[in-house]
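The listed protein sequences derive, respectively, from chains A and B. Mapping of the first sequence onto the working numbering: residues 1 to 308, in sequence order. Mapping of the second sequence onto the working numbering: residues 1001 to 1274, in sequence order.
Keep in mind the hints are simulated off the structure, nothing from the lab. Treat the hints with care, since some could be wrong.
Stated by the list, open to error - Quick partial rundown of chain B residues pointing at chain A, CB under 8 angstroms, derived from the structure:
(1) Ala1070
(2) Leu1072
(3) Leu1092
(4) Arg1094
(5) Tyr1098
(6) Phe1100
(7) Ala1102
(8) Phe1106
(9) Trp1108
(10) Thr1110
(11) Leu1117
(12) Pro1118
(13) Ile1121
(14) Met1122
(15) Tyr1124
(16) Arg1232
Here the structure is a predicted model, which is why all the values come from computation and not from measurement. For glycine and all other residues, C-beta sits at the position ideal for the given N, C-alpha and C.
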Amino acid sequence: MTSSAAALSLPRAAAWRQHPLAVRFTPIVTVVAALMVVWYIAAVLMNLSLVRGGFEREEAPYTTMELIAGTMEAERPLLPAPHQVAGAFLDGVFGYAPNAPRSLIYHSAVTLSATLLGFALGAGLGIALALSIVHSRVLERSLMPWIICSQMVPILALAPIFIVVLGAIGLQGLLPKSIISAYLSFFPITIGMVKGFNAPEPMQLDLMRTWSATSRQVLTRLRWPTAMPYLFASLKVAITISLIGAIVAELPTGAEAGIGARLLAGSYYGQTVQIWAALVAAAVLASGLIALVGLAERMVGRRMGTRA
Amino acid sequence: MNIVTDATAIANPSSRRIAVDVAEVSLTFDTADGKVEALSDVSLQIAAGEFVSFIGPSGCGKTTMLRVIADLQQPTSGHLSVNGMTAEQARLARAYGYVFQAPALFPWRTIEANLKLPLQIMGYSESDQTILAKRYLELVNLTGFARKFPWQLSGGMQQRVSIARALSFDPALLLMDEPFGALDEIVRDHLNAQLLELWGKTNKTVLFVTHSIPEAVFLSTKIVVMSPRPGRIIDIIDCNFPRDRTLEIRETPEFMAIAQRVRTGLRAGHSYDE
Chain A
1 MTSSAAALSL
11 PRAAAWRQHP
21 LAVRFTPIVT
31 VVAALMVVWY
41 IAAVLMNLSL
51 VRGGFEREEA
61 PYTTMELIAG
71 TMEAERPLLP
81 APHQVAGAFL
91 DGVFGYAPNA
101 PRSLIYHSAV
111 TLSATLLGFA
121 LGAGLGIALA
131 LSIVHSRVLE
141 RSLMPWIICS
151 QMVPILALAP
161 IFIVVLGAIG
171 LQGLLPKSII
181 SAYLSFFPIT
191 IGMVKGFNAP
201 EPMQLDLMRT
211 WSATSRQVLT
221 RLRWPTAMPY
231 LFASLKVAIT
241 ISLIGAIVAE
251 LPTGAEAGIG
261 ARLLAGSYYG
271 QTVQIWAALV
281 AAAVLASGLI
291 ALVGLAERMV
301 GRRMGTRA
Chain B
1001 MNIVTDATAI
1011 ANPSSRRIAV
1021 DVAEVSLTFD
1031 TADGKVEALS
1041 DVSLQIAAGE
1051 FVSFIGPSGC
1061 GKTTMLRVIA
1071 DLQQPTSGHL
1081 SVNGMTAEQA
1091 RLARAYGYVF
1101 QAPALFPWRT
1111 IEANLKLPLQ
1121 IMGYSESDQT
1131 ILAKRYLELV
1141 NLTGFARKFP
1151 WQLSGGMQQR
1161 VSIARALSFD
1171 PALLLMDEPF
1181 GALDEIVRDH
1191 LNAQLLELWG
1201 KTNKTVLFVT
1211 HSIPEAVFLS
1221 TKIVVMSPRP
1231 GRIIDIIDCN
1241 FPRDRTLEIR
1251 ETPEFMAIAQ
1261 RVRTGLRAGH
1271 SYDE
């Protein structure tokens, strides 16, 4: 009786592991759980001396448990515990009106607008550069070294110069940030699209030649569609870089709004929890943007008959 | 070598016009290992309506020959006329359809859209494109596959689409570079029979590069045997089976005799000595 019940329950116990949701999420949940454990341990270890110092200054007696509990809720911890970050993030998102200066939604929206404009500018510039490089050997030789050089100067050094120069000609606010963002994001698109525009097979190019197609027709009917997978791969890289560019651009301007401004303010006042919450907001934003590009890629892929 | 075409060699007497005239054409490639003579002093005349096969081992210049006629490559010396024009004029006039070793379909286009591509490029009207795509899909027995994407078709079907695509704008000349080389023998036999039927229906001049002796003998009115290093013509064999031949003729003594002559020619070229 019992043995038959055990024999029956055994496959059932294994069954949940085969469940599609379990198959899909078990690896992710495991990794996240492991990270949380490591994070908590690190938070205890890093904040320990801070909390102990606090107790000793007040000459209050303390137990080990109180000490550990203290590391979990310090006001300005060296490393905030995950629940503190989550709390601050949720509070920043839901705790204020979306246009309040303490709302993370407000700051994210400011950064997002600069990111999207910068991304659009960068994508346009990147594709235009790739087109001219593919169509002219002279341009390839003259432009390519400069394009590569442009990325060798750290953007942290360049950003203030951009802001000052653009400010001097009367450009302020959104546009300078977008230009810095575009300056970073055009690069992967140029590199990817040069590769993509050159990706058609020689046979396909020969075919176009036998039909005496114009170079414009070769571009629209062959090179552009062939470059689509390259375009989306580089757009995914570019959109995260656009976000980084926009955040970095907010640092030297002393901007009052934006994720970068939140980071800066947080570091001025030692508000580590606020810094981490802003970082989480940036990560959420980046994931959302990449997901959007991925969605566009799937839609285009379906129209182009890509094998599922 | 200059061949004066025997009038009886051509089934259709009205097609005695010269479609392709190659006169003393040579082509030398500059490669990293030095100069390679791909074609050496090749002369050949092909009358309209003929089906001419080029056969020879790899590297004998048969593909290069076709590419020169198609103006995909320029000869180092010699003269070339295609339908009475230079090769470049003929290309610009869209005088020929070219079928490559691989189907080279555009994977993001449906079969119908692939067929329409040359027509779009040549500026046919939307309605003409649709009519022609339908007609030529029917010609290669692929009606019903119009909405499929290339990867949903077998290799043989894809190659049929590429043949339909080459025919769709009704060029007088069809250049085929080992179109069935990548296919298995059964599919190949089937497509050979279909191609012959197509040729009968459309009355085009076909230049056909192949590795296969039976294929060449079965399809051709004329077989050009080539040898490598340097690429040159070593024999031109007339091959006058009736136009409505079937695969069974491959068992006849006449067929065997021609195949034997091709084989002898290939051997005489010392093609396999190295």
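Which numbered hints does this structure break? Violated: hints 15 and 16.
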